[in-house]
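S.K.: Sequence:
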Amino acid sequence: MTPLLMRQKLRHEAGYQAATDQTLESGSEFQWRKNGEHHAFNPKTIHTLQWACRNEDYDLFKQYTKSSG
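For the sequence shown, my numbering assigns the number 41 to the initial residue and increments by one for each residue that follows.
FYI, nobody ran anything at the bench for these hints, they're computed from the structure.
Computed cross-link-like contacts, DMTMM-like style, restricted to lysine to aspartate or glutamate with a CA-CA straight-line distance of at most 20 Å:
hint	residue 1	residue 2
1	Lys84	Glu96
2	Lys106	Glu96
3	Lys84	Asp97
4	Lys84	Asp99
5	Lys106	Glu77
Between beta-carbon pairs, the in silico distance windows are:
hint	residue 1	residue 2	range
6	Asp99	Ala58	38 to 46 Å
7	Tyr98	Gln48	46 to 54 Å
8	Thr105	Phe70	20 to 28 Å
9	Leu44	Thr105	50 to 58 Å
10	Met41	Asp99	57 to 65 Å
Keep in mind the model is a prediction, meaning the values are calculated, not measured.
The beta carbon of each residue, even a glycine, is placed where N, CA and C say it ideally should be.
My request is simple: use the sequences and hints to build the entire structure.
M.R.: Now the structure itself:
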């Protein structure tokens with residue numbers, strides 16, 4: 041391998057190093073509050089969406105779309 045290719049390979053490897061931490065951040069700037077404003081994405085609607093997807097339940101998915109919109 042030529043010196044130019046070796047430098048390019050090293051530069052590429054330095055820019056795309058393997059991630060050491062594979063965990064996702066837990067949370068965001070927004071938090072659901074029991075007595076807060078009503079939003080389409082609340083624990084009940086998210087729970088319904090997750091169960092509809094996990095169980096491939098189209099009727100439950102339709103229930104989610106009605107409650108979130």
